[in-house]
Amino acid sequence: MSVMVDIRSVHKSFGPLDVLKGIDLQVRTGEVTVVLGPSGSGKSTLLRTINHLEKVDHGAISVDGTLIGYRRSGDRLHELPEREVLRQRTRIGFVFQNFNLFPHLTVVENVIEAPVSALKRPRREAVASARRLLERVGLGDRTDAYPGQLSGGQQQRVAIARALALEPKLLLFDEPTSALDPELVGEVLDVIRDLAHQGTTMIVVTHEIGFAREVADTVVFMADGRIVEQGPPTDVLDNPRHERTRAFLSKVL
Amino acid sequence: MSSDTLAKVPAPDIPEQADALRIVPQRRYGQWAAAVLVLALLGLAVNSVLRNRAFQWDVVADYFTSDSVLRGLWLTLWLTAVVMVLGFALGTLLAAFRLSANPVLRWVSWGYVWLFRSIPILVQLLLWFNIGALYPELFGVRTVNLLGPVEVAIVGLTLHEAAYAAEVVRGGILAVDRGQIEAAQALGLSRWRRWRRIVLPQAMRSIVPPAGNMLIGTLKGTSIVSVIAVSDLLFSVQLVYHRTYQVIPLLMVATLWYTIVTSVLGVGQYYVEKHYARGSERVR
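Taken in sequence, the protein lines are chains A and B. Positions in the first sequence are counted from 1; adding 27 to them yields my numbering. Positions in the second sequence are counted from 1; adding 47 to them yields my numbering.
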């Protein structure tokens with residue numbers, strides 16, 4: 028199977044704080060990778076470097092064979108102009124912990140915004156496919172509502188539809204259920220699970236261990252800016268090799 | 048103790064039929080007294096205004112819609128509009144400078160706001176009015192021909208307005224959640240589109256109330272241009288009373304017009320605020 032995401036020796040620091048201390052990770056096309064780890068372990072930062080929301084200090088990331096955020100000439104990486112970065116981002120969907128829906132736009136306007144303005148799709152066509160996507164996440168009847176009129180779970184499902192509207196090759200989820208009331212977590216995980224079964228390549232940062240066990244092809248455990256161990260869920264979750272992983276799992280399970 | 052035993056112990060002051068108890072609100076005699084007193088004072092004030100012949104309400108009525116007053120009112124209105132539009136355009140640019148990643152632009156914007164908020168508008172108008180002393184010629188034209196009183200008024204008021212508008216716009220932009228910009232970036236929206244479609248409409252919610260304040264302030268503030276002989280509403284009534292000595296009734300004419308326009312603007316602001324509150328539960 029081909030490699031969709033290739034992360035090589037990525038370092039990132041915020042001032043004196045080293046957040047990522049050399050990350051190497053490959054994600055194969057069609058697979059689901061779940062990233063676990065304590066707060067402050069760098070998992071969200073890692074996810075944000077993949078679509079260049081966060082610049083790296085060292086190392087390189089490629090998605091579907093294309094370097095993200097840079098152009099290589101010889102042994103130098105030249106930062107791309109913003110226009111190019113924006114074009115690369117249209118192939119990578121990102122779902123935020125706090126949904127970040129545009130509160131002044133209706134549900135359907137949220138979903139068609141990027142296809143219409145970034146991909147220059149005709150509005151009518153964009154609306155039709157937005158309706159199909161909203162149908163798919165179970166919100167076909169709320170297209171004209173404003174985000175503020177929806178529950179957290181519904182908002183996150185709209186955010187997923189908005190990310191899917193660009194028909195991305197890769198989906199990134201940054202703790203998609205952490206801001207939700209417990210009884211709303213299930214409806215969002217159901218949608219993500221469906222996408223996984225349809226063979227969408229995705230990286231999910233989450234604290235939902237049960238979801239990781241059920242859906243992940245690979246579980247990555249991070250701590251202190253490093254990947255401590257990775258492998259199939261049966262290995263990492265049930266027979267962790269590192270003490271750090273065992274300590275984390277014993278607290279969250 | 049189980050809840051069963053708790054229920055059987057009667058509270059000392061509650062009878063068996065709690066339903067039959069009537070609730071009597073506290074009597075607020077002080078409130079009544081205060082209201083009566085304030086109304087009485089207000090009545091006295093209104094009475095003194097209506098019965099004071101020196102107001103000369105018949106003269107007010109004569110001049111209220113006279114040509115020269117209406118011409119002055121018209122100048123006040125369009126001067127306010129021009130100054131608001133130009134002031135906010137420049138102010139938005141300054142706010143963008145202040146929030147830019149470029150330290151030179153940030154510094155220039157900060158310096159502008161510092162300078163133009165420091166100089167009283169009256170001093171500034173007089174300086175611009177006498178700018179010919181510093182630069183006798185501008186662009187090959189004699190300065191006095193280029194900058195008449197009206198042009199000086201526009202330049203002075205706009206530069207003053209922009210300094211305040213910059214802070215209002217900057218505050219509005221800062222009030223937009225950082226996550227909104229990140230979401231727009233993640234979706235690949237261009238810089239211009241992010242600004243026009245995502246940031247500005249949300250910033251407007253916090254910009255409109257202080258901008259409404261500024262609009263009303265500017266409307267009344269334009270009366271300061273009467274010192275450089277621009278024939279606005281105030282200057283027009285002054286021209287009349289310098290001739291007829293009917294000072295009070297003509298100032299009442301100006302007062303009434305300023306009040307009327309301010310009221311209309313207040314109504315307009317209500318609808319603009321409603322428009323930008325789309326999607327927010329709190330205001331609805």
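Heads up, a few of these hints could be off.
Label pairs and their computed distance ranges (CB to CB) [to be verified]:
#	chain 1	residue 1	chain 2	residue 2	range
1	B	R75	A	S205	43 to 53 Å
2	B	S327	A	L94	34 to 44 Å
3	B	R238	A	D84	50 to 60 Å
4	A	P209	B	A222	23 to 33 Å
It should be emphasised that the hints constitute simulated quantities derived from the structure, not laboratory data. Cβ atoms here follow ideal geometry from the backbone N, Cα and C, with glycine treated the same way.
Is it true that the C-beta distance of B:R238 to A:D84 lies inside 50 to 60 Å, as the hint says?
At roughly 24 Å between Cβ atoms, A:D84 and B:R238 fall outside 50 to 60 Å, so the hint is violated.
How does the Cβ-Cβ distance of B:R75 and A:S205 compare with 43 to 53 Å: does it lie in that range?
Once the Cβ atoms are compared, 50 Å apart, the range 43 to 53 Å for A:S205 and B:R75 holds.
Can the suggested window of 34 to 44 Å be confirmed for the beta-carbon pair B:S327 and A:L94?
Distance hint for B:S327, A:L94 holds at roughly 41 Å.
Given a hint of 23 to 33 Å, does the C-beta separation of A:P209 and B:A222 actually sit inside it?
31 Å, holds
Hint 3 from the list above is the single one not met by this structure.
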